[in-house]
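Peer 1: Quick mapping for you: the protein sequence lines, in order, are chains A and B.
Numbering of the first sequence is given in our numbering, commencing with residue 1 and proceeding in unit increments.
Numbering of the second sequence is given in our numbering, commencing with residue 1 and proceeding in unit increments.
It should be emphasised that the hints constitute simulated quantities derived from the structure, not laboratory data.
We put the CB at the ideal spot given by N, CA and C, even for glycine.
Among the clues, some could well be false.
[As the list claims (entries may be wrong)] If the Cβ cut is set under 7 Å, some of the chain B residues that face chain A in the computed set are: (1) THR30; (2) GLU31; (3) MET96; (4) GLU234; (5) SER236; (6) SER288; (7) SER291; (8) GLU336; (9) SER339.
[Said to hold, decoys possible] Straight line, CA to CA, 25 Å or less: simulated DSS-like cross-link-like pairs of lysine-lysine: (10) A/LYS33 / A/LYS10; (11) A/LYS391 / B/LYS166; (12) B/LYS90 / A/LYS402.
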Amino acid sequence: MSWADKYRPKNIDDVILSPEIRKQITDWIESWKEDIPKRRSLILYGSQGTGKTTTAYAIAGTFGVPVVEMNASDQRNRDSMKGTALMASLYGDLFVDSAKRPSKVILIDEADNMFERGGDTGGIYELSKIIKNSANPIVITMNDLFEFRKKNYASDVISSSLVIEMKQYGRKLDKNYNEFRRNIKARLLFILKNEGYTLPDQIVDRIIDRNMPDIRSMINDLEASAVSGTNIGDQSSRDVPEIVYYMVDKAFKRNYDETLRSIYGSDIDDSYYVSWIDENLPFKISDLQDLVSAYDLISYADHLIWAMERKRHYELMAFPMEIAGGISYYIQNMKHEYVKYQSPSYINQMSRTKEKRHALMSLALKIGLLVHMGAQRTMDDLWFYSLLYQKNEGVKNLLDEKLNLTQGEENALTRSE
Amino acid sequence: MVFNASCTYAHEYEETRSKYQGSVMIEIWTEKYRPKSLSEIYGEDENIQKLKSFVERKEIPHLLFAGSVGTGKTSTAIALAIELFGDSWKENMVEMNASNENGIDVIRNKIKDIARIKPSNPLGFKILFLDEADQLTAEAQAALRRTMEIYSETTRFIFSCNYSSKIIPPIQSRTVVMRFRPVPDEYISRKLQEIAKNEGFEIDEESMHALVEVSAGDMRKAINVLQAVYTSGEISPKKIYEIIGYASPDKVQKMISRAINGLFDEAREIVDGMLVYDGLSGIDIVRSLHSYVRSSMISPRQKIEIIKALADAEFRIVEGSNDRIQLDALIAKLAEIGSRTD
């Protein structure tokens, strides 16, 4: 279990919250102790890692009841919402002593990812009905309240809920910020001590400042720094955390259990992980058969990621990294000499040449308008326009006059640097 | 790598569009010799017949043109507009490209705004030509349905696409579907002869044969290649194949030969260069490999194996996989194919 999961607060008192937010939430919890209150649902919104789901579980912990969760990996259409949520909120309570209400907390996680056309038809409408009749507290979380508001019946859900933005401070260095930061640091130091590690103070500071306000990322970085013994606080950006080196290294050593552990303990993006393995694969391979079988595996894992995203079938989530992580078993003759793992050059180069590609695309867009074609197709024919531009005075004058070419576009057209 | 013009270049795009779209370009032959009437479109008699009867009645339904590139879809739409609206066709035909602007908000806002405006022509409707409509997501297409119905009085849609199967059935059912086949060789050579005559030069038989062959039913390609060889000052089969080689530069050849000889790192470097510096997409690269392999001297068995590998790579990239990883896997596969002796 990752530290972020292990140290997830069990009680609302342990969640790091600003005084204002804490008061609103504890008041809402109190309101359930008498009778069923007017506002039966609580919407928590804010960016990732700000404690929305944690707060939901902590509320349940405070009540001493379990959580019934529906998240984006479940289909949430009318029927499934009816089934799960309604059972949980009314009928499920038939045998429970009414004095012991609430008997559970219903969590609708990532509600802004409910899509009418993605198989969640009628789900939000159903949710708005459930809220009106629920005998148990409902917590709804989302990143983006305004995106959610655009959905059918979402305004019903919002207007009958208590809405809290998980923003623990107004701006940097105000009173709440300082207190929030102090609380976080105390928590991180506690976790470190409890796990039996130490890290220099300034590294903990850097981990905090770099990830603010995302507490989950902080704890993940803390764990990576402590466990790998490397100083990830010194990395210039979150793009290449040391943990990636560690994970790639594990993947190339034949110990699948450790590889899996390294995967579960990280929050590295799966496509990023697969790109890293792709980049470093050739340095590990000495014969053709290995090259082919290794790439069979990697390209399959990669394909899986995108098929999953496309079909929004996130149950597959765990698979791509687990498959790619098995790479060493597809390499019979591994080269064992030491190589420093490289970050995917393709990604680096792509960002370095961004301007150039931008110029190419905008050039293609402009020419496309003249010849009734889309930019992508025009790209295929750029060789032709480039040839004409350089060899045909008329075409050169035409394009110069009509297209108002930037220097970058002109370079792209003449294929000069 | 998905290119989304609607976000990145929206501003420049709008500026350019409003200024230049639809101006007549005599310097570029595909534009100069674009058909000005339906009768000038060759090889689609049945469709043209139908369209002519629409013109007579001064009334058209929503239309869906399906067919591969260079088969005359855009030309037909423009010729139709010219016949319906005469000189003022440009004011009465709005042209949009769905691959440039494919977001659902474009459908919900822009297209709706355009569709609801009543035109000032006597026919009472205008044409909204949506090119590459199969690039719209299913959501965006769904959002179009009601717009088509509500504003059909004022706006007739002409969709053009490569594959009608990528257009959702509710839209197909609201349109008259017309299929465009690759332009037959005789019509390609007829058009090229006309152009040559008008420009005052001749195309010998062998060169014509080469032109027809390389264009494979794609009229735009045929005319572009003709203008390219004409511009370069020499019209001969050799030059024609050379120009085509320019379109798929010898990088492709180099890359394949490195890959087949098991030089993975070198092949990968070439591919990276194509992705990064030439701005090609994974699909572009697979396609140019394909056209190179088709016409190169490799044993049939190897050719089939390579084409299978290319199909596999293209399929995965089209599904949305990472271009680079799939191309790397392709290189590995090519190396394996090259190592086999048969």
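Peer 1: Determine for every hint whether it applies to the structure shown.
Peer 2: These are the hints, each one checked on the structure:
{"no.": "1", "hint": "THR30", "verdict": "6 Å, holds"}
{"no.": "2", "hint": "GLU31", "verdict": "6 Å, holds"}
{"no.": "3", "hint": "MET96", "verdict": "10 Å, violated"}
{"no.": "4", "hint": "GLU234", "verdict": "12 Å, violated"}
{"no.": "5", "hint": "SER236", "verdict": "17 Å, violated"}
{"no.": "6", "hint": "SER288", "verdict": "9 Å, violated"}
{"no.": "7", "hint": "SER291", "verdict": "11 Å, violated"}
{"no.": "8", "hint": "GLU336", "verdict": "4 Å, holds"}
{"no.": "9", "hint": "SER339", "verdict": "5 Å, holds"}
{"no.": "10", "hint": "A/LYS33 / A/LYS10", "verdict": "19 Å, holds"}
{"no.": "11", "hint": "A/LYS391 / B/LYS166", "verdict": "40 Å, violated"}
{"no.": "12", "hint": "B/LYS90 / A/LYS402", "verdict": "18 Å, holds"}
In summary, the numbered hints that this structure violates are 3, 4, 5, 6, 7, 11.
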